[in-house]
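Next come the chains, spelled out residue by residue.
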Amino acid sequence: MGNALQSLVASMDPYLMQILVNIGIAIVLALGLNVIVGLAGQLSLGHAAFMSIGAFTSAMITIKTGLPFSLNLAATGVVTALVAALIGFPILRLTGDYLAICTLGFAEIVKVFFLNFQPTNKALGLTVPGAHTAIPMPIYVAVVVVLSVLVATFVQSSRFGRALKAIREDEIAAEAMGIDAARYKIQAFALGSFMAGVAGGLYAHFLSYINPSDFGFLKSVDMLSMVVLGGLGSVPGTVLGAAVLASAPEFLRFMAQYRMLVYGALLVFLMVFRPNGLLGGVNFTELVLRALKMKPRKRS
Amino acid sequence: MFLQQLINGVALGSVYALIALGYTMVYGIITLINFAHGEIFMVGAFVGLLLISYFKVNVFIAIVGAMIVCMIMGVLIERIAYRPLRKSSRLSALISAIGVSIFLSSLALMLFGADAKGFPDSAFPVRQLRIGSADVSTLQLLIIGVSACLMLGLEFIVQKTKIGKAMRATSEDYNTAALMGIDVNRVISFTFALGSALAAAGGVLVGVLFNAVSFNMGLMAGLKAFAAAVLGGIGSIPGAMLGGLLLGVSEVFGVAIGYSSYRDAIAFAILVLVLLVKPTGLLGQKITKKV
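Here the protein sequences line up with chains A and B, keeping their order. Take any residue in the first sequence, note its place counting from 1, add 169, and you have its number in this note's numbering. Take any residue in the second sequence, note its place counting from 1, add 9, and you have its number in this note's numbering.
Hints listed in this document are in silico derivations from the structure and should not be mistaken for laboratory results. In this text, all values refer to a predicted model and were calculated from it rather than measured experimentally. Hints may be right or wrong, so weigh each one.
Just the calculated beta-carbon pair ranges, DEER-fashion [what the hints assert, rightly or not]:
| no. | chain 1 | residue 1 | chain 2 | residue 2 | range |
| --- | --- | --- | --- | --- | --- |
| 1 | B | G122 | A | R352 | 31 to 41 Å |
| 2 | A | P418 | B | G122 | 15 to 25 Å |
| 3 | A | L185 | B | S98 | 30 to 40 Å |
To be clear about the criterion: a stretch of chain B counts as covered by chain A if any three or more of its residues have a C-beta under 8 Å from a C-beta of chain A, and this derived list gives those stretches [stated by the list, open to error]:
| no. | segment |
| --- | --- |
| 4 | 106 to 113 |
| 5 | 229 to 240 |
Just so it is clear, CB atoms sit at the ideal spot from N, CA and C, and this is done for glycine as well.
Input sequences plus hints: build the corresponding full structure.
In C-alpha cells, the structure reads:
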C-alpha cells in the first residue's frame with residue numbers, strides 16, 4: 170500500500186503539494202487554537218510554543234527510537250498536552266489580557282529554551298531524518314486534517330464544548346451552574362495543544378529541518394489571525410481562514426516584495442469589513458435547510 | 010560594578026517605560042492591545058535617523074521631529090484601523106492591529122532594506138564621565154534625562170489639564186464620560202497621539218544608544234514594553250514606568266551575571282512569576298466581577 174501511495178504523491182505537482190501540506194498543517198493548528206480561543210474564550214498568543222514542543226519531541230523520538238510514525242505522532246501529542254496542562258494549571262487562573270501576555274511570555278521562554286538546548290543543536294536547528302513509515306507525509310497530513318475536523322466538529326456540540334461555550338460567555342455564571350471552569354479550561358488547553366503538537370510533528374518531518382526561531386511570536390500571530398479571520402468558534406470558518414491565510418503568501422507571490430505589505434493591509438481591511446470573520450455568525454445547517462426549502466426564510 | 014550595571018539598566022528601562030506608557034494608556038481607554046505600537050517606535054527611530062543624517066539637525070530636534078511625525082501616524086492608524094472596529098469584538102481589533110504592524114514593518118523593510126542603519130558620529134558627542142566607581146556616558150544621561158522629562162510632562166498633562174481629566178474620565182467609564190459631554194473620539198485620538206509621541210522619542214533614543222536602526226527593532230522592544238506595562242498593571246501609568254524600569258534593570262543584571270543567551274527570556278520569566286503571585290500586576294487594580 171505504501172508504494173502505491175508514494176507513486177500517487179509523486180505524480181502530483183510538488184509545488185502544489187507543498188502548498189496543500191502547508192494548508193493542512195495550518196488547519197490542524199488553527200482548529201486546535203479554535204478550541205482555546207474560539208470555544209473557551211481564552212486568548213492565547215503563544216500557540217507556536219506547543220507546535221515547537223511537538224516538532225522537537227517528534228523529531229527526537231524519530232532520532233532516538235524506532236517507533237512507527239503514527240505512534241510517534243500520538244506520543245508527541247500526549248507529551249505536548251501534558252506540558253500544556255502543567256503550564257495551564259497555574260496560568261489559567263489569570264483572566265483576559267493577563268492570560269494572553271502570560272502565554273506570549275511562555276512562548277518566548279520556550280523559544281529561548283530550545284535556542285540554548287544542547288540535545289536539539291541549540292540555535293543551529295535540527296535536521297530531522299525520514300519518518301519510520303512507508304506512507305508519504307502528505308497522506309499523513311490529509312488523514313490528520315480529516316481527523317481534526319471530525320474531532321473539532323464533535324467537540325463543538327458535545328457536553329465538553331457546551332461547557333466551554335458557557336465559560337466563554339460568562340465564567341462566573343458558568344461556575345454557578347456547576348461547571349468546573351478551571352478543569353474545563355485546562356482540558357481545552359490540553360486538547361488544543363495536543364493538536365498543535367501533532368501538527369508540529371508533521372511539520373518537522375515534512376520540512377525535515379526545524380529551527381527554534383521558526384516558532385516565534387509571528388507564528389502564534391499567524392494562527393490567531395486564521396482563527397479570527399475565519400470566524401471565532403466556527404469549524405468551517407477556521408478551516409477557511411487557515412486555507413486563505415496559509416495560501417495567501419503564495420497567491421501574493423506575483424507582487425514580489427510588496428507581498429507582506431499587502432498581507433498586512435489585507436488583514437486590516439478584512440477585519441474592518443467583516444469584523445466577525447469571514448464565516449462568523451453563518452450557520453451552515455440553516456443555510457443548507459434554507460437552500461432545500463425545508464425552512465422558511467427569516468423575516469426581518 | 011553594581012552601580013555601573015544599575016545605570017545601564019535604568020537607561021534601558023526608561024526606554025521600555027516610554028514605550029510601555031503608550032500601551033498602557035491606549036489599553037486604559039479602549040482596552041485594546043495596540044500591537045502596532047512597537048512599529049511606531051521603529052518608525053520614530055527611522056524618522057530621527059533621517060533627520061539627523063540628511064538635515065544635520067541635533068538630537069533634540071530629531072526627537073521632536075520624530076514625535077510629531079509619529080503623533081500624526083498614530084492618530085491616522087486609529088482612524089483607519091481601529092475606529093471602525095470599536096463596536097465589534099476586541100479580538101477583531103487585535104488582529105487589525107497585528108495587520109497594521111505587519112504592514113508598517115514590511116514598509117520599512119522595503120524603504121530602508123534589511124540591514125541595520127547606524128547614526129552618524131556627529132549625532133551626539135559621547136563623553137565618558139566618572140561617577141563614583143561607574144563609567145557613565147553622556148548618552149545614558151541623555152536617555153535618562155529625556156525620559157524623565159517626558160514622563161513628568163505626561164504626568165502633568167494627565168493630572169493637571171482639562172484633556173487629561175477627560176482622559177481619566179474616559180478610562181474610568183467610557184459610556185458615562187460620553188454622556189457627560191466628553192468628546193470621546195477626540196480623547197482617544199489624543200491618547201494615541203500622546204502614546205505614539207512617547208514611543209517615537211524612545212525610538213530615537215534607542216537608535217542612538219545602540220547605534221542601530223532596523224525594520225524589525227519594533228517587535229522585541231514592543232513585546233517587552235507590553236510585558237512591562239502588564240507587569241506594572243496594565244492601564245496604570247505609574248505601573249508602566251515601574252514595570253519598564255524593573256524589566257530593564259533585571260535584564261541588564263541577568264546579562265551581567267552571565268545569562269546573555271537567555272536575555273529575551275528574562276523579562277518574560279519575571280513577568281510570568283509576578284503575575285502568578287499578583288494576577289493583576291504590581292500596581293493594577295483588583296477587578297471584582299459581578300454577574
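With a Cβ-Cβ cutoff of 8 Å, does the segment 229 to 240 of chain B contain at least three residues near chain A? As far as the segment 229 to 240 of chain B goes, the hint holds, because 4 residues have Cβ atoms under 8 Å from chain A.
Range first: 30 to 40 Å. Now tell me if the beta carbons of L185 of chain A and S98 of chain B are that far apart. About 35 Å separates the Cβ atoms of L185 of chain A and S98 of chain B, which means 30 to 40 Å holds.
Using a Cβ cutoff of 8 Å, are there at least 3 residues of the segment 106 to 113 of chain B near chain A, or does the coverage claim fail? holds (count 7)
Take a look at whether the Cβ-Cβ distance between P418 of chain A and G122 of chain B falls inside 15 to 25 Å. holds, 21 Å
Does the hinted range 31 to 41 Å hold for G122 of chain B and R352 of chain A at CB? Hint violated: Cβ distance 52 Å, outside 31 to 41 Å.
When the structure is compared with the earlier hints, a violation turns up for hint 1 alone.
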